[in-house]
Each structure stands twice: as structure tokens, then as C-alpha cells.
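S.K.: This is what each chain is made of:
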Amino acid sequence: MKKILFTTVAGVALAATSAMAEEVRVYNWSDYIDESLLEKFEQETGLELIYDVFDSNEVLETKMLAGGSGYDVVVPSGTFLQRQIMAGAFQKLDQSKLPNAGNLWDVIEARTAQYDPGNEYSINYMWGSTGIGLNVGKVKEILGEDVQLNSMDLLLKPEVVEKLADCGVYFLDAPTEVVPMVLQYLGEDPDSHDPDVIAKSEPVLAAVRPHIQKFHSSEYINGLANGDICVAMGWSGDVLQARDRAAEAENGVEVAYYAFAEGSLMWFDQMAIPVDAPNPDGAHKFLNFIMDANNMAAASNYVYFANGNLASQQHLEEDVIGDPAIYPDEATLENLYTTTPYDPKVQRVVTRLWTKIKSGT
Amino acid sequence: MRRWVLIAVPYLWLLALFLVPFVIVFKISLSDVALARPPYIPQFSWDDGIWAFLRELDFENYIFLTTDSLYWKAYLSSLKIAVFSTFLTLLVGYPIAYGMARAPEEWRPTLMMLVILPFWTSFLIRVYSWMGILSQEGYLNQILMWTGIISTPLTILNTNTAVYVGIVYTYLPFMILPIYAALDRLDGSLIEAAEDLGCSRFQAFWLVTFPLSRNGVIAGSFLVFIPALGEFVIPSILGGSKTLMIGKVLWEEFFSNRDWPVASAVAVVLLLILVVPIVLFQRNQQRQAEAEQ
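For the protein sequence lines, the chains are A and B, in the order given. Take 1 as the starting number for the first sequence in the numbering used here and just add one per residue. Take 1 as the starting number for the second sequence in the numbering used here and just add one per residue.
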């Protein structure tokens, strides 16, 4: 939330002063790039890069739907991208300005085409799964040595979550990810758009609600790293960043990430250019810069998310390309599911359920 | 001629900064949601003319607000938080204003400066810094534990208590300044007279000083109550998931549901709720102005 506010304020200020030609304004997720790349881009192109961050798709989407955001490159996730394309928020990419597009990975492109047919509007930046982040030592201390760490029970089974409550349990504040997770847990279709099926997730969440400390989409990174919290539903790379920060701090905290044994959501963050971008030419330069194999590898090496760039894989460090939590093996990949956007009526059902879960009203 | 210009200025101000935005929001509240940019279908366009608009006119978004208990609960909860925090602000602000008004003449500009000084820092940053004070490992808990007053840290951040702290802190100057202005103008000989006539100091305060500062109290209370009712930033930074305020509901309608028409309807209803205290405030100001003449 704090980031949302900061970026909202920044965004409003931005919109007022945009449209200077030789600036490129990028709006990306928080903690999502090696910041030295930003400087490198400025040096290589001579353009001034203005880089703002957000931590929720909803904030980005509202800016896109309102128009006049002043940004040249934005990074929505698959389902949000799809809806925003339908609303006419993006411009088609000019492939002639993207010579590095050949580096992209066809396996990922085939999947992102589900949201952006023909990949006409976007390129993949990163992809990953939504799973569980744990403070391994504490969880084992509470639940016993032989606890199954990659089970949704740790987040959704009341008896288990109750034991973890004092140690701190965080959920993503992202209803479009939590509801599919619960449906998967119940053995329903995680991508169900049937309000009756969606409603089945409510009693499950209500039962664990008293034990959840907070719904937040970025605080858990520091929480896990500092050992303040025990379990978080989180995005793969974010948890792995927490693991890294804990290791650097040498505070004795061991953080681990697992995709759920029951099956995890697979998501794709796509870079796209708003239809009213003040500097579409600079935006293409930025996309092309990002698609460079070395640059993309640097980004992944830094944030621990897998990318959609095949050529970058030879430059990835072993603890990135070799980690099945980041680049899953065939079996895990099979176990990942994707979702499609809700229509407004169903979205309202999901949001209402979410408010009810969070505030009790 | 000059008189007309003078009258026109405040009305232009009102037109540009209140009426025009209100009409825009009201218009969106009557439209239907759509997958477009912006995400609604306007109910009214000049091409079709006003009759087509009136034929199509419905208040379905307003009717929708009555079908779900969430909305009136959020309005009530906001009202409760706003009333209570206004009262707390008064409780804290009045003694400060009183102390300022009673301070030696040469100190007053400095004291006034100290009240206004926090405005030099961004409001957002000031609310943020309360996170550092109120959190589990925050300064407040550290001091309380160090002095041995408590043995386990208090949970204040992410609760309604933190929201009250934030609102009282943020809006305190708006309470102090009008009360100070009222007390400053107070004729000291009235209190002397009351004491000469046998009042204790407390009686003199309660029977003379407080009634004479009433207008300042009313003005300050409205200046706190009105923005507190629609407050969004403070509850979202300091409040918890359980803090239900209408500003938050508005945010969810706008951002999560992408339902601008319903969000606008929520905003219009909020405005209607505020119109009552605003009119009362205006009347109080007017009466005060007349009394001074």
C-alpha cells in the first residue's frame, strides 16, 4: 500500500509534466530490476530514463484505463494485459525497431499468446509462479522436522495455520491470485468464472483469516528476510530475493520458496507501450535494450525470476538457471496452471468476497 | 461594475473547483461500466440531446449501493472514526491553543510558527514516520519496554488506534489555529471581572472563556471532521485490513472492480453526507461575521 501511494502520487505529478521528447518513462513492478541496467540504458542511448514502480496490477490498470498516464513502457501481468488490450490501452509494437526480438523464447511466447494473440502488443519480461515462502527453521520448529513444506496446508488448513499465526502469516493482497489458489486446493477448476464455485473459497479463507497477519503484496520480502514472519504466499522471485537478503545479512534465517505440490499459478509480466505514450520511439529502444541477452540475464540474475529470453540463458548464473524454483523442470511445469480475466460481474463477486474476507464486512 | 467583478470571483472559484468536477463525477455515476478507455459508456452526449438522456436516465448505481450492507457499514464506520477523532483532536488542541493565547506576547509568533512548521514536510512522509514510531519494534514500544512499563510490545500499527493517532496528529493545526484566533481576541478584563465576582479559575474558564471561544471550536471541529470522513491515506498506511472506511471502499470500486460509475455514486453520496456539516459550518461562519459587525 505504501508503495501504491507513493507511486500514485508520483504518477499524478508525472502526468502533469509529461511529453518531453527525450525522456523515457518506465513504470515497472517494485524490486524488479538490476538498477545498474537503468544507468546503462541512459549511457547507451543518451535518453533520460525515469523509472517508477508499483506493486499492484490494479493501480497500473486504472492508470491505463484512465489514459494520459505519461508512461512509455508499462508491465502488466497476462490477464490484466489481455483486458487492457481489449480496452484499447496499448499500441502494436513496431517489430522493425526491435532487432533483439529474435532472442525471445518460443516456449514462453506460445503461452503469452493466450493473453496477447500473436504477441503483437507485448514482450515477456519475467514469468514465474505464485507459491509459498517460508522461514524453514521456524516452520520446522513449530510443525516438526518432517513437515511437507510445499503444501497449501501451511496457508489454508486452519489447524496448521493457527500454529503458525504467532510467527506471522502473510497473504498476497491479490484476490485474482488467492481465489484460484483456494479453488485449486479444493480440487475445483482454479480458473472457474462461476460465482457459485468462486463462493466455495470463502469459508476456507474465513477459517484461516484470524491467523493471517496481513494482506500485502510486497512487505513480505523484508518480513521473510528479517525473520519477522514465518510463512507468506508470494511470488517466486520475490521470495528468492528474501532468501538472498537473509543470506547476505547472515542473520541465521533460512528462506525457501516452493511452488505448491497441489499446483501453482503461472503468471507472465509483459512489457507493453501505452497507446498514448509520449515517446513511443524511446519505448521501443527500451524494449530492445531489455531484450538484449546480456541485459536480460543481468536482470534475472539480480531478481531471481525466470525470463522469456532464450538467448539470455547462457549468461544466467547457475543458481538461477539451475534452480527448479526459478526454471521449473518438466514435471513442475506441468503442474502449473494459468487463469483468464474475469468479466466485470464476476470481478465484482471476487472483489466483494475479498473485502468480506479482509474486513469482515 | 466593480461590484459585479468582486462577486464573480468567488463564484468562478466555486464553479471551477467544485461544480464542474461534481458534474463530471455525477455524470459518470449515471453511466454504465464498459471495457473501454475510460471504462464507462457515457449516458449523455450532446449529439443525442437532452431528451434522449432523460429517457435513459436511471439511478441503478445508487440503487445498487442500497443492496449491499458493505456501503452503509463503511459510511457509518467512517462517520464514527471522523466524529471520534474530531473529539480527540479538540481534546488535544484546545489546551495547546489556550496555552498559546495565554503565553507572553513576545512568544506567540514563535509558538504559532511551531504549530505551522510541520506543514513544511510532506504530509505523506509525516504519516509514514508514524509507522516507525508505532510498529512492534518501533520507538514507542522500545521506550515503553526500556522503562519497564510494558513487557511485551503493544500492537498499535495496523489497528484503528493508529488511524486515530494519525488523524489527530495530521489535523491538529486545523483545530489549534481557529481556537487560538478566538482565544487571542478574548478580552482579558472579562475573566478578571468573573474572578472579581467570585468565580473560581475553573468556573471563569467554563462560564466565560469557553463559551467565547465556541466559534473557534466549531470552526476547528468542522475543519477536522470534513476531511477525516473521506480520509484514505491515513487508514491505508496506518490502519489494518479490518479498518473499514468509505475512502477505502471507493478505492476498491475504482481500482479492483474498475467500476467507475459505482465509485462515482459512492463519492456523490459521500458528498451529500458532507453537505450537512458544510452548510452548518457556513452558517456558523456567517453568524460570526455578522456578530462582529
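Since the hints were derived computationally from the structure, they do not count as laboratory data. This one's a predicted model, so the numbers in the text were calculated from it and none came from an experiment. We treat Cβ as the ideally placed atom computed from N, Cα and C, and that holds for glycine. Check the hints yourself; a few may be wrong.
[Said to hold, decoys possible] The calculated lysine to any residue pairs, modelled on SDA-like cross-linking and capped at a C-alpha distance of 25 Å, are:
hint, chain 1, residue 1, chain 2, residue 2
1, A, Lys214, B, Pro21
2, A, Lys214, B, Val208
3, A, Lys40, A, Lys97
4, A, Lys214, B, Glu137
5, A, Lys214, B, Tyr164
6, A, Lys214, B, Leu280
7, A, Lys356, B, Tyr164
[What the hints assert, rightly or not] Beyond 12 Å from chain B on every Cβ pair, some chain A residues (computed):
hint, residue
8, Asp106
9, Leu143
10, Phe171
11, Pro175
12, Asp228
13, Asp343
14, Pro344
15, Gln347
16, Val350
S.K.: Take the hints in turn and mark each one as holding or not.
M.R.: The hints, checked one at a time:
1. Lys214/A - Pro21/B: violated, 36 Å
2. Lys214/A - Val208/B: At roughly 50 Å apart (the allowed maximum being 25 Å), Val208/B and Lys214/A break the hint.
3. Lys40/A - Lys97/A: holds, 19 Å
4. Lys214/A - Glu137/B: holds, 17 Å
5. Lys214/A - Tyr164/B: Holds. Lys214/A to Tyr164/B sits at ~20 Å (cutoff 25 Å).
6. Lys214/A - Leu280/B: violated, 40 Å
7. Lys356/A - Tyr164/B: Answer holds: Lys356/A to Tyr164/B is near 23 Å, not above 25 Å.
8. Asp106: holds, 30 Å
9. Leu143: holds, 23 Å
10. Phe171: violated, 10 Å
11. Pro175: violated, 7 Å
12. Asp228: violated, 8 Å
13. Asp343: For Asp343/A, whose nearest Cβ neighbour in chain B is about 8 Å away, the distance does not exceed 12 Å, so it is violated.
14. Pro344: violated, 6 Å
15. Gln347: violated, 6 Å
16. Val350: violated, 8 Å
Checked against the numbered hints given earlier, this structure breaks hints 1, 2, 6, 10, 11, 12, 13, 14, 15, 16; the rest are met.
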